[in-house]
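Residue-level listing of the chains:
Number of protein chains: 2
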Amino acid sequence: MRIVALAGGIGGARFLRGLKAAVPQGTEITVIGNTGDDIHLFGLKVCPDLDTVMYTLGGGINEEQGWGRTGETWSAKEELAAYGVEPSWFGLGDRDLATHLVRTQMLGAGYPLSAVTEALCARWQPGVRLLPMSDDRIETHVAIDDPDSPGARKAVHFQEYWVRLRAGVPAHAVVPVGADEAAPAPGVLEAIGEADVVLFPPSNPVVSIGTILAVPGIREAIADRGAPVVGLSPIVGGAPVRGMADRMLAAVGVETSAAAVATHYGAGLLDGWLVDTVDEAAVPEVEKVGIRCRAVPLMMSDADAAARMAREALALAGEIQ
Amino acid sequence: MRIVALAGGIGGARFLRGLKAAVPQGTEITVIGNTGDDIHLFGLKVCPDLDTVMYTLGGGINEEQGWGRTGETWSAKEELAAYGVEPSWFGLGDRDLATHLVRTQMLGAGYPLSAVTEALCARWQPGVRLLPMSDDRIETHVAIDDPDSPGARKAVHFQEYWVRLRAGVPAHAVVPVGADEAAPAPGVLEAIGEADVVLFPPSNPVVSIGTILAVPGIREAIADRGAPVVGLSPIVGGAPVRGMADRMLAAVGVETSAAAVATHYGAGLLDGWLVDTVDEAAVPEVEKVGIRCRAVPLMMSDADAAARMAREALALAGEIQ
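Protein chains in written order, with full-length UniProt numbering: chain A, 1 to 321; chain B, 1 to 321.
Worth double-checking, as some hints may not be accurate.
Claimed, not checked - Quick list of the computed label-pair ranges, beta carbon to beta carbon: (1) P112/A x G237/B: 56 to 64 Å; (2) A305/B x P112/A: 55 to 63 Å; (3) E86/B x A115/A: 13 to 21 Å.
Hints were generated in silico from the structure; no laboratory data involved.
Cβ atoms here follow ideal geometry from the backbone N, Cα and C, with glycine treated the same way.
Could you build the full structure based on these sequences and the hints that come with them?
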């Protein structure tokens, strides 16, 4: 069996760990990772979502926080702050830094991000094929009110909105800058074209899955393939399971509910949708728009819970097929 | 009083700390730092000698080893090794890494090394004006026997010779690649032109002081200025006080002795020379070539010893004047 999963950061990575545990041996999993939250910091190319997937599946993740490395130290960050260079709000650990150094050096030598990601994964052995959604630079920007100019708006990098501002101000728009002219990375369309199942993990529907789908050709390839496309709601009981997805949904005019997210993806793309048991009332609402829906426990309290969720998603895909 | 000192790494930095303690208030010290041992590692510009001076005078040096930062951690280095990227032999600590990140980013933004060094020193407040010898790229290469091709020679970067090979094989030549076309950094010739005294600390006469003097214009400016030029022998009792300077002297055909180093600099450049008390017999030999010479304790066992050495050097300069 060949599975393609689109993934953002923490939620996606934890689901993928469950998926790996749930599938029979011989299953090929290709992960198309979001790169819209990539950022250049201190001259280094940082790919938070790709790294979260790589570290989580490769056994190097800091389990408590869900991002960054286990056994991390923060000496370089302390020193950068002592030099007074900005930004100081991004959590750049010393171990993590090595990943960015290797990546930046390889990119500088002319390797595309997909080749760099493959080289990094040669160490981490994540057990999936991890592809960036694109080798082209795409940066998600968020439009917010400009605090220095009443009535005006300004665009900030997604990381600045998410990490520095902690999504604490309204987002008026979310724009994946550069997506229009970007192409899917080598292997992305091929993997979709051979997929038996396509999964949307409980990642952020706007800035993770949505950004991947914004790369020209990816949405179309998924819809054209005809394989079951099954998603898991990142919204449980009217609130994001983690993160601040409600802010992002509001920016694109989507209600923070499990049913609204399914409708946002749409029946033209999505065949099946899992909502949490607390959202059982959403099932008929989702099925009404032509998406098969089931209510199952969606709290990824541990790796077993994630594996059970993956089994439910695959079972729903089997039913659709 | 205005003092110009040429400096390499550890020996130079420790002497400069003594010099700062020895001079009367209001003395201006300009340090012209060697950049011939600069190296690009993992895409970062590393300036070991400039940093050793900056950290030593700014209170951030690891006292025991004489280079690198106090309270250092090594997480990034461990990770780079885990990725299998080379070189693994260079001691790149996490705190130190921040300096290289700031420097590399500023250089990438178009600032010359002299401006970057000034910015880094704004944090460290070394109490001297630290200038790189040049803003141009100069790299000291060492010719060694090629182990893969008997009878042939190959050039390695000075750091590879010094750190990886621990100067364990004969050096046939030392070449400051790029020096021919380099210009002194802004402020270097001006500082020499206003100097009341020029000092050569007990740094490596070939790859530290020698490389600085190889930048076109610097040697001439020192000779033309007419101010007393006083040096301190890095060779005591026929051996380098620290490091492997004998290897470098052999490569340029100079005997490993306090007198031979003075003669190597020459009376056209050097006016005064301090040798250690164990080398008292060298005094007449040095004076014979027209360089005033004194035998004083030259072991920098602590900061006080370094200050006493600096006072002796300034006393000799006063005598010459």
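Consistency of the hints with the structure:
A hinted range of 56 to 64 Å for the beta carbons of P112/A and G237/B is consistent with their spacing of about 58 Å. At roughly 57 Å, the beta-carbon separation of A305/B and P112/A lies within the given 55 to 63 Å, and the hint holds. Judged by the Cβ atoms, the range 13 to 21 Å given for E86/B and A115/A holds: they are separated by roughly 18 Å.
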